[in-house]
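Following the hints, put chains E and P in place on chain H, whose structure we already have.
Residue numbers (my numbering), protein chains in the order written: chain H, 1 to 264; chain E, 1 to 313; chain P, 1 to 252.
If you're looking for bench data, these hints aren't it; they were derived computationally from the structure.
Honestly, I wouldn't trust all of these hints.
To be verified - Below, in silico cross-link-like pairs of lysine-lysine (BS3-like), each with a Cα-Cα straight-line distance of 30 Å or less:
1) E:LYS215 x P:LYS86
2) E:LYS40 x P:LYS135
3) H:LYS15 x P:LYS135
4) E:LYS37 x P:LYS86
All values reported here derive from a predicted model rather than from experimental measurement.
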Amino acid sequence: MHVDIFDQFQFSESKVHSLDPRIKVLVAVAFILSNALLPDGSWLAFGVAWFFLLLANDLSNLGLGFTLKRSVIALPFAVVAVSAIFSPRGEPLGVWDLGFMTLIPTDAGLIRFASILLRSWLSVQIAILLVATTQFPDLIHALEHLRLPRTLTTIIAFLFRYLFVLTNEVFRILRAREARSARLPGVSGGGSLGWRLKTTGSMAGQLFTRSYERSDRIYQAMISRGYAGHIRTLNPHRIQSRDWLVLIVSAAVLMLIQLVGWIL
Amino acid sequence: MLYAPTYLHIPDGFLTLVVSVIFWAVTIIMVWLAVSKTNKSLGEKQIPLMGVMAAFIFAAQMLNFPIAGGTSGHFLGGALAAIVLGPWAGILVMTAVVGVQALLFQDGGLLVMGANIFNMGILTAVVGFGLYRLVVHQKRGLRLAVAGGGAWMATMAAALVTALQLWLSGTTRLEIVLPAMLGVHALIGIGEGLITVAALAYIEQTRPDLLNAEKTAREGGRGWVVGGVLITLAAVFLSPLASGSPDGLERVAENLGFLGTGQDAPYQILPDYTIPFLGETALSTILAGVVGAALVMGLLVLVGRNLQRRSEV
Amino acid sequence: MPVKHTPSYDLIIPECQGDLLQIQDLHFAYPDGHQALRGINLNVCEGEKIALVGPNGAGKSTLMLHLNGILGDKSPITIAGLDLVKENLPVIRALVGLVFQNPDDQLFSPTVFEDVAFGPLHMGLPEDEVLERVKEALAVVGMEGFGERLSHHLSMGQKKRIAIATVLAMHPQILVLDEPSAGLDPRARRSLIDFLQELPITLLVSTHDLRMVNELFPRMVIMDEGEIVADGPTQELLKDETLLLAHGLESV
Chain H
1 MHVDIFDQFQ FSESKVHSLD PRIKVLVAVA FILSNALLPD GSWLAFGVAW
51 FFLLLANDLS NLGLGFTLKR SVIALPFAVV AVSAIFSPRG EPLGVWDLGF
101 MTLIPTDAGL IRFASILLRS WLSVQIAILL VATTQFPDLI HALEHLRLPR
151 TLTTIIAFLF RYLFVLTNEV FRILRAREAR SARLPGVSGG GSLGWRLKTT
201 GSMAGQLFTR SYERSDRIYQ AMISRGYAGH IRTLNPHRIQ SRDWLVLIVS
251 AAVLMLIQLV GWIL
Chain E
1 MLYAPTYLHI PDGFLTLVVS VIFWAVTIIM VWLAVSKTNK SLGEKQIPLM
51 GVMAAFIFAA QMLNFPIAGG TSGHFLGGAL AAIVLGPWAG ILVMTAVVGV
101 QALLFQDGGL LVMGANIFNM GILTAVVGFG LYRLVVHQKR GLRLAVAGGG
151 AWMATMAAAL VTALQLWLSG TTRLEIVLPA MLGVHALIGI GEGLITVAAL
201 AYIEQTRPDL LNAEKTAREG GRGWVVGGVL ITLAAVFLSP LASGSPDGLE
251 RVAENLGFLG TGQDAPYQIL PDYTIPFLGE TALSTILAGV VGAALVMGLL
301 VLVGRNLQRR SEV
Chain P
1 MPVKHTPSYD LIIPECQGDL LQIQDLHFAY PDGHQALRGI NLNVCEGEKI
51 ALVGPNGAGK STLMLHLNGI LGDKSPITIA GLDLVKENLP VIRALVGLVF
101 QNPDDQLFSP TVFEDVAFGP LHMGLPEDEV LERVKEALAV VGMEGFGERL
151 SHHLSMGQKK RIAIATVLAM HPQILVLDEP SAGLDPRARR SLIDFLQELP
201 ITLLVSTHDL RMVNELFPRM VIMDEGEIVA DGPTQELLKD ETLLLAHGLE
251 SV
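Chain H with its partners taken away, still in its complex shape (with noise of 0.2 Å):
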């Protein structure tokens, strides 16, 4: 069975794909960076900073509005910034009597709200265009590049890697789950909350100490190649002359989003 979700690589050969991953995580960073410092109700610097992103969409041979269509993950935390537009702030837009609360809507109120989903929105597409025109294991060499610890970057290589295994593992158990949860005609069953929390943790028990006994297998297998605590690996990336220049233009149009955004 083949778990096929988590690859979130959409190959394609594109001026973008091949560009070196590291340039892409900082260009990406800086990007989301670049929204934070925005003030709110800057439309302008908002609409430039998407122009941006729908070239980087065109470029990568995706699509314009391939971000666009997945950007619907950022959805559901909306509803958290609901309660800014009553923030006290502002001009009051009307009064609404709840009975055990007032709310009153303001003008400034309404315009952080609106800001802060745009600057979500803007930020969630340019991390779903980093993974679509990166495969993982180079986003893994981009952040060994960018010295993150060896340590944390070989558990991230390993729960790529076993995440698949594991995940199939999972619907295996939770399939003999279902073959087991027959129901009588005529009764209701399925036993209480309890009993059910108390089945899915012995499912995550068992899971567990697979998962150990696998960790077991796995480092006597490092070990029968040389494996002595200190992992090396090979980085291919090299940083060409195209990657630099990507990356200079990408900090001046930030530059000019960022002045767009406080002079006018």
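This is chains E and P only, laid out in the frame that chain H set:
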């Protein structure tokens, strides 16, 4: 998405830069410590063990359970990881999980990851392990009960701090978000607690070599207990206070310039957050933010280089 | 009491003195008390292809793990003249290529390339040599061009071949395979047999697949309950039905 959202994975844009940087600083320090401590205690085996454990937590979070009326919660795992692997290893494992969730699924933002790691990885480790460590030499019944309660408490603490971070960023109003977060997670926390207890019971029974009092006691000492108990007490007293008298808190916050709205949001959080000689202008604030971020980056590079040198020895 | 084999005097094979591998009276008990190996004596010479058969729990895997010093770093084992002691382990682990039963345990890196490169890299070889060895190893197992593939995208047969490549890249003198044909469909199994046929390297393979043993391995060692109960020419042993039956094996 495979999971039902629990509103603990904060996306980018919902926290201000200042709040993000503060929690990044704490997280970086804790993760750095965790890397060096696990080096000593687990030795060669640490990397494959923590790696597979991270995959386990990730996969285990797919074990969701229906709560009531169509909603479901999912397992978080921070407390379980800390109790079974030790708090430092638990922190590293959860850091990897949160990081990969953010990268692969955009479940949680990149810039706000420091805060997410703190909430879901560090806080749960301190509370989950700290409380369990207190009773590690007691009888099985008490231990499991405290483990379950600790897991519940850890979930609540994470929810509380998340709410506070959102409020400090001017993203929400405290009297709305706090009761909501605490309410939802009180229920999810029950599931977390029960699953944690059941998993621990299973592991203890089938692999007593992996989970026993001596081993757990060695992984961490009194410091964790103090931390766990303090946070628990703080959470227990802070929550009703915050939910109960929101007006009072809001007035205090307003006076301190905590509540940001509209154009002023990013820098009214901490009114002194400007570069002195430039005065209180937009430019100086941007520069302050950039300087802050640069400091954090510099710290990260230094830490990374230090660890590289260390591991090469 | 396991049934032992009395050597027939019709077939005499030159006794190998164990120039490549020599095990003298190896005993081993697991920490939980289970006595897995009781006095194992085995000699392997260069160029030999030996099958290790026996029921589950006989100690085959345990024996194989000893050959890389995984279950004990001091054993009465000599490999190519080197005693199995802690100082020699790094060299021994390169000399003896151990391929585990479950390829998912053996392939632990994100990409195929990184997995095959792991061994040579940890041997301290320079980068261009590592690249060369990876290319060579992948070619030998017939998986050129698979370098950038992610391990979890491969089929079982492909994974088993890459697993062998990860070990071949270290240029071992003896290849030790634990149940290589387990879990393979007939086509993949045939492919594996052909591959092992061509491989010009000393082989020690544990397996339940007696038909494969019959086809590939001139010498067979039968283990049961931690002891070697028979060691001789495959053709002769396969004729001894009593022996086979007594140790949970069926004749082909």
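Going down the list of hints, with the structure as the test:
Of the pairs offered as hints, the one joining LYS215 of chain E and LYS86 of chain P holds, with about 27 Å between alpha carbons and a cut-off of 30 Å not exceeded. Using a Cα cut-off of 30 Å, the hinted pair LYS40 of chain E and LYS135 of chain P is violated, with the two alpha carbons roughly 37 Å apart. Pair hint LYS15 of chain H plus LYS135 of chain P holds up; C-alpha atoms about 27 Å apart against a cutoff of 30 Å. Straight-line distance between C-alpha atoms of LYS37 of chain E and LYS86 of chain P comes to about 26 Å, which keeps the hinted pair within the 30 Å bound.
Of the numbered hints given earlier, the model fails hint 2 alone.
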